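FYI, the numbering for the sequence shown is 3 to 549, going by my numbering.
Hints in this document: simulated from the structure, not taken from any laboratory. There could be a bad hint or two in this list.
[Unchecked claim] Simulated pairs of lysine-lysine, BS3-like, Cα-Cα distance not exceeding 30 Å:
#, residue 1, residue 2
1, 244, 166
2, 301, 321
3, 273, 214
4, 310, 361
5, 386, 312
6, 39, 225
7, 225, 321
8, 39, 113
Nothing here was measured: the structure is a model prediction, and the numbers come from that model.
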Amino acid sequence: MDDCTLEKLVVKPGKLSPNFQKNETEYSITVASNVEKLSVDPLTSDSGASYCHRFEGGGGGKEVPLIEGAVVDVRIEVSAEDGTIKNYYIHAKRLSAKDATLSDLQLTGGKLVPSFSPDVTYYSSPDPKNVVTVCGEKPGMPTPLNVGETNIPVEVTSADGSNKQIYSIDVMRKQVPRYVKIVDASLAQKYECPYSLSPIYRPITIRGSDPKHTYSAPNLEEKTRTNKVDPLSGMPFGKGWKIIDYELDKQVASTVAKIPLTNGGFSSEGKIGVLAADIAKCNISPTAAVRKWEKNLHKIFDETDVTKLKGAGAEFVEKYFDSLPKPGQSRQWTEGESPLDHLENASFFYATAIKFKPKEAYLHMRLGQVLEERYYAEDLFGLKKEEEAEALPSFNIQAKESSKDEECAAICKLRGVDAGTAPIALQLKAIDEEYHTLVDSGQGGKADHVQGLYVWKSKQASQEGLAAQKAQDEESPLGQAYLKYMDALSLDEAKAIYNFHVGRLLVIQGNFDDAVKRLEVTLNWNPSHQLARYPLIFFFTAYIPPK
């Protein structure tokens, strides 16, 4: 008796939005520009109820005339037998033949920001997986993406061809999570960011700059956050200074590059735009080996909490710096309170922490820093422990001569030179005489070996050469520090600081080619890392490669 709902509500042509439900009273429908009438066919839930149509300019009929480019509101009044009334509304829009708007826009594998609206013509699409399929000139066809930012125009033409509307989609890819090195040196100069020395990511060109100044967007944003001037020229930015260089981004995407690996090798070469798809192949399983000298540092037996071990190590490092002698100060310390004692204790705690948490890269780096500081304290500051017999084998590098030193001493003895007291120049002269004797006697193989000893021994004539040897010697704290920095790097290659420390030690070793790789990676992850620039400047200005 009082049921005034509809059981069905059918319209032709088209489909109601949302789908019909008897308790939902508001609907909309959009039809093509060539549809002149809309057929409305309701069915009441109660056979005793009745209904009638109401719309602007008429009423009562099942066919509702539509106006091109306008919305016609249709009201369906349902009356129950007891007089109860309920109204349903249909908002019918007939498109105009001159309308060039989209009714919907969807991405496969992506999301529009903001959500689609026919009145909004500019969208961006974050790309979390570095792979997305977008609609270009042919809907449904994949569009190749640039390294950073890709602009895709979608052009819509009206039914009568008199009007066009362009929708713009910006697809932004995340940066490749590894350092990428361009193979061609000439292209590297063209396509590398002047700050990170890595391929330009989302290039921004400064309008009016001559020669053209282009930077990676994240680096430029960091540099110009408080001071709106060109970082290279120092000139203030003019109006409309920022140019998003889509074409350059496209060129970078097609440039051949490779990814340096922690083992010193490279990934296979490929275009930068597709390198990200093979990034998993570049991951090398960490190989932080526990060496004999490192096991000798496991001296803490009453603590297993890594946080406490790490904190204790940091405290001893602070004590070390506090105990360093000031100019003119006596170098006498209470037993167990010397700078070397504090460094030794710090190494115990960090090494033991690594024992319980071997995959924490930071711990390996901290132990490396302590070992490196031990080298500087002994070799540069001249600090020595009073009781050398109690010193650890890993720290007492003079306890046993290397095999090369023994060979050099033996050659010197044959030539009447005491390697223990003779200056380095006389030792080198004796080794050189032995080399020429072997050459004259036709013993080429032995002569080559002696020549290698001469080169090795000659490095001891300078402080730099001696440091280079010790940085490669596992019995030296400096060489041990290098190994710990490498352990940290193998566990977390994406940290600029680990690449920086490895790069520094490679410079000390004289291994400039590999050092450049690591220092470039440092700047790639942290363009503000000024310390990484100095070894690079040294390399490019002072190093002359062998011919």
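A quick look at each hint next to the structure:
Of the pairs offered as hints, the one joining residue 244 and residue 166 holds, with about 28 Å between alpha carbons and a cut-off of 30 Å not exceeded. Restraint check for residue 301 and residue 321: satisfied, since their Cα atoms lie roughly 19 Å apart, inside the 30 Å limit. A threshold of 30 Å between alpha carbons decides the hint, and for residue 273 with residue 214 the separation of about 24 Å falls inside it, so the pair holds. A distance of roughly 17 Å separates the Cα atoms of residue 310 and residue 361; the hinted pair therefore holds under the 30 Å criterion.
The straight-line distance between the Cα atoms of residue 386 and residue 312 is roughly 26 Å, inside the 30 Å bound, and the hint therefore holds. For the suggested pair residue 39 and residue 225, the alpha carbons sit about 62 Å apart, so the restraint of at most 30 Å is broken. A C-alpha spacing of about 38 Å is found between residue 225 and residue 321, which places the hinted pair above 30 Å, so the restraint is violated. Pair hint residue 39 plus residue 113 does not hold up; C-alpha atoms about 36 Å apart against a cutoff of 30 Å.
Hint check: violations occur at hints 6, 7, 8; the rest are consistent with the structure.
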